[in-house]
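Residue numbers (the numbering used here), protein chains in the order written: chain A, 1 to 371; chain B, 1 to 371; chain C, 1 to 371; chain D, 1 to 371.
Incorrect hints may have been included.
Copies of one chain are not kept apart here, so a pair can be met inside one copy or by any two copies together.
Unchecked claim - The calculated BS3-like cross-link candidates involving lysine-lysine, where the alpha carbons are at most 30 Å apart (straight line), are:
1) 306 - 269
2) 321 - 306
3) 321 - 340
4) 298 - 321
5) 269 - 134
6) 367 - 269
7) 306 - 266
Keep in mind that the hints were calculated from the coordinates and are not lab data.
There are 4 protein chains.
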Amino acid sequence: MGAAVQSVRLELAALLEQLEQYASAADEYGAPQKEALAALRRSGLLGSLVPSEYGGLGQNALFASRFIEAIAGVDPSIAIIAFQHLSVVSRILEWGSAAQRQQYLPKLADGRWLAASAWSETGAGANKQNLSTKAVQLDDGQWLIEGTKSFTTGAGLADLYLVLVQTGTNDEQSTYGNSSQTFFLIETTQGITADADTNLAGMRGSSTGFIHLNKCLVSSEQFIGSLGGAPTVINGIRSCGLTLGAVSLGISQAAYELALEHVRSKGLKNSPLLQSALSELHLSLEAVRALVDKVASKEGGEHLAKIAYQSKIFASEASEKICREAQQIIGGSSYVRGRKLERLLRDARAVSLMGPVNRLAKEIIGKELVS
Amino acid sequence: MGAAVQSVRLELAALLEQLEQYASAADEYGAPQKEALAALRRSGLLGSLVPSEYGGLGQNALFASRFIEAIAGVDPSIAIIAFQHLSVVSRILEWGSAAQRQQYLPKLADGRWLAASAWSETGAGANKQNLSTKAVQLDDGQWLIEGTKSFTTGAGLADLYLVLVQTGTNDEQSTYGNSSQTFFLIETTQGITADADTNLAGMRGSSTGFIHLNKCLVSSEQFIGSLGGAPTVINGIRSCGLTLGAVSLGISQAAYELALEHVRSKGLKNSPLLQSALSELHLSLEAVRALVDKVASKEGGEHLAKIAYQSKIFASEASEKICREAQQIIGGSSYVRGRKLERLLRDARAVSLMGPVNRLAKEIIGKELVS
Amino acid sequence: MGAAVQSVRLELAALLEQLEQYASAADEYGAPQKEALAALRRSGLLGSLVPSEYGGLGQNALFASRFIEAIAGVDPSIAIIAFQHLSVVSRILEWGSAAQRQQYLPKLADGRWLAASAWSETGAGANKQNLSTKAVQLDDGQWLIEGTKSFTTGAGLADLYLVLVQTGTNDEQSTYGNSSQTFFLIETTQGITADADTNLAGMRGSSTGFIHLNKCLVSSEQFIGSLGGAPTVINGIRSCGLTLGAVSLGISQAAYELALEHVRSKGLKNSPLLQSALSELHLSLEAVRALVDKVASKEGGEHLAKIAYQSKIFASEASEKICREAQQIIGGSSYVRGRKLERLLRDARAVSLMGPVNRLAKEIIGKELVS
Amino acid sequence: MGAAVQSVRLELAALLEQLEQYASAADEYGAPQKEALAALRRSGLLGSLVPSEYGGLGQNALFASRFIEAIAGVDPSIAIIAFQHLSVVSRILEWGSAAQRQQYLPKLADGRWLAASAWSETGAGANKQNLSTKAVQLDDGQWLIEGTKSFTTGAGLADLYLVLVQTGTNDEQSTYGNSSQTFFLIETTQGITADADTNLAGMRGSSTGFIHLNKCLVSSEQFIGSLGGAPTVINGIRSCGLTLGAVSLGISQAAYELALEHVRSKGLKNSPLLQSALSELHLSLEAVRALVDKVASKEGGEHLAKIAYQSKIFASEASEKICREAQQIIGGSSYVRGRKLERLLRDARAVSLMGPVNRLAKEIIGKELVS
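All chains should be modelled from the sequences, with the hints used to inform the complete structure.
Next up, the structure:
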């Protein structure tokens, strides 16, 4: 066991070193770099959550969370690609049929395949009550899916997508997902094309963009969860220990370290104002860490789902603040485009705007609290 | 074991019920009510941390922290009295001689005796570099102590005080405590008188005030830690899992519940603005809980001492904010003197100003971070 | 003119000096002190806005605002009593008949009479859509008014009240006031009794409490504005240059000065952290001053009504923050009940909760902005 | 007069329309667009502050401030170019000799010449106590200047620079500028070359970068202020009514309008949460406007210099917050690189980091307050 842990640690260290080399270029060109993706795939770490019988590392959510956090400290874009991959793996572990597990887990464990999630749609409203991506069941029982999903991370890179699709008529008012919607696990070759030229301001190396489903013909064996089971699946995600808060935490840690390094290296250690500024950053960082780790450890009992959303809101708001304050400490030189801190700030901001956008997430929690 | 846990729970529930009856009067008259103190003493919970061989419950810091939190939700003044008692017990457990343990733990466990801490002094400066309470060693080896300590919680109630005393000359610049200072464990009957008529704005039932040491004659056996060992003892406190953050957490939880209850009982459940306001409060509450519980679980490794201070700052700032927002939700009716929320806000504020005051605590952490 | 200005300044200085003596007692006993009220009445400053032909000082809103601000720096309770008086004077100036002006302005100018406003009701909802204080028109044209108003400042002190009354049936949805409501100017002797024992946490010397209207028999000559004209009158108040923000500004200035004085007198001038803390307070103070003065100068054109509400929200939130930060600067000694800063904090908080409570004021402005 | 005002308004409207076309390209390519600069020059508005006898518009600082604000709502980069130009004009008006006025004001008024300021240096420390750009006086009385200035807005565009130069030895500790430093007014042709390829994250169309002074040979007639008079000149700038806060105000107004437009156009007008969010933004906007206008109106008496700094801090912090909140309202679609709001956020952030960086400005004010 000690040897295995040691080996994983070395793998992670090697991965981080490689990612470090390409993060800047990915940001500049607005696309992930092949070398970085290759390093991620061959690191074995994409198999963190996959049980060893399927060739994975068989680790828990806390391990996965810290892995995501570590990557985010170097390249948040790669971190969210990995995050989406792990989220799909987690869904297969919870809901996948024996056939789905057999078919996908080995490939997802060793990095041959990359998985991604496609939930958002332009104009669907943030709470996704009104999807235009629709599945119609044919006479032979198969489903024909047409539509376009937006803000898909890893679009064009993934081999397998977890897609949220309208499978019935919505006649209820729910906050997020509803029983007329179903998740499908669809292979790229089944009719998915991608357009990831969105040119986002942050997370520019995450290949986030549109995927188009063109006459996708899929079977009911490709459900994740039951027909109309979207809300249940979504709720499971909220309790699986994975939170985008881990990405924000990694960003925060890196930003804090840049500020600390500046203060130390520029002979500013004795400035009470800078000490105090670092103290504020560090307090915020530790509060985020406690909450993200709690979610990743699946503590919180019946409140876990709620706390998972809260950790994303809290961590993303904190990470933006920490990046901004770190820039105030370092000054104008950190505001050159492409400097690590400048990039981290844009990436941090992106998490706040990733679904469900913080404003909506707060609203969802609020409704749960009063009911 | 199950039966024991069950019994402790019932004891706690009974205690809370009794405290509830007297909290308001204690606040009005600015003094703890006898009945509340008696209930606390006989609850057995003051022995939470005392090993069973000395007649205590033999529980860990997380247990103690949740006990403090629960009391704080009803009467924060009683909570800080209990907190100080547990802190002294914790010091005896870490540093006490066999004789001290034998002599004091049984009495402190069953509530016959109450313990308190006396560190602060008017004019000593927040970081206590310059104490006027001085111990002079006599020819026979005994120490003669004279001086006055301020902001002592439980002043006049306690039977045993942990007192910070100047035992040498201070020729260094340290942030908090220094090697010319020593802790003594002194019984009230050895020459301590109290004056707790400070009439504070918050924590009015905590008997917080001055104690005077008049020709106190004590022996070296009464040291807690070594001669000049104050900094080491202080550092130990920071790593023992007890944090005033638990008091603030209890206050926050109670304030949140008052606001939630208002929204529910007044038919305001469907207001998106109030839902959202409650959502913000709850997020803040859960972030505090995660950090306080982390400290109480003694997680955080080498960073534990730092996180303990941070939890006090973070929790106390959050609790003030939560109380204020809860008042905005409930409106003017919550601003009548003595209403529970109005009292909680004043108590919450007091924790921010308790030593080390938040501003200083941030400074201390800042110095540690850059070094 | 120079001589007149000089005389007013001396009058103000004398008034402040007297108020200073009684502010603390008023807070302790929860009632305004006779001597303070007498000083206010005889100062002539209650006539600030009354034209000279009626015996007043004939000054503008900026003058009145600075007068209120100055008083609030000493005794915020007296400041809101004066504020309500000036508000009623301002309503009479805008809407009063020749008879009303002739009858009331001279008495209100020289301080023989004190005026107060009575709008709020328990259970009316913050936006006053549902008043239980109702006026029924009798056959002889007179109105019979019954009901109870809450949170009336100056209750029991005033000789004349501006009362918001339901005069019809409300069949519309408006944000604040509606056309089934009317303002009446009612003398105390016409059937008004007071109960100001509310024991508020702040503004304890403002005699804020209930007034009861018992078979009040009044005539249509006592309207302020037309029958059903409440919304128009309320809108006029928002544009008259008087804002509770002036009270918060005075409190903020006083709190800042206490913190500055502490830093200077305790030899802490060279602490970069305290310099920086004072700098933050002062910035906030000046931003508040700019906004309050803008309203008092009736600048802002068509946006004036909006900005007036905003100035109350902004100034009251800032004043609470400034008081809290000032306490952090001064430390625990400022947290003794009755110390000036401790009192100011409670008074500052009260303004945030005064109608329309900040949360509602933001909502009203929001609706105006999108329409 | 009416006709003149009307004509200026038309000129401004025309200018804004033209700037609108090129702002996006300037941001994309990281350089101002020729057409935008040409429009600015020929608008006549660069002569706002120049007296009519020199061919300018002879307007006051409030006029200039609103002009800057209006431009900033369209292209903040052009706004800071204009701001620097007006600042230099203002220095010439305050300190320029008759010859300097005669020589430069006509060209600066009609836009033939553009002026810029060069204060910052890499490594000089934020408070510029240690400049490496040094002037040595030759035997013939002329000054030989060598050095490099950083963060110069309009570098390479300007025909005339106001340069802060070390002219003696610094043996004092001052907060900003000191009496061993002097301002020179230097024409580009006297030996100034530029390198504006800094590739900043914000204000990318402002040509902000380095200027090099290579064997610049200048005379004492080129002083602005006296030899060693830098502190006095700097203080004058702080009281001249021009503040970068006006740039932040223009950005804030534009961001608010984008959010409002989104809410209105997407049918979200009735959302209480969005109404309330807009209400918060608008309050913040109006508080900033009040403070910036106060400075531009040169109100504030002896406090004007302090308030001018405060307005920059307050306005820039608020503008970042307003842009971020507006993005939360609009959602992810506003986070595409180059969208107006995304650009405004980066530009807003740049102002916070422009000299003196907010952290330093607060420190300077703090020192002034306690002294």
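Against the structure, the hints:
no.: 1; hint: 306 - 269; in the structure: between (40 Å within a copy, 18 Å between copies)
no.: 2; hint: 321 - 306; in the structure: both (23 Å within a copy, 21 Å between copies)
no.: 3; hint: 321 - 340; in the structure: both (16 Å within a copy, 22 Å between copies)
no.: 4; hint: 298 - 321; in the structure: both (26 Å within a copy, 28 Å between copies)
no.: 5; hint: 269 - 134; in the structure: between (59 Å within a copy, 29 Å between copies)
no.: 6; hint: 367 - 269; in the structure: between (47 Å within a copy, 8 Å between copies)
no.: 7; hint: 306 - 266; in the structure: between (43 Å within a copy, 24 Å between copies)
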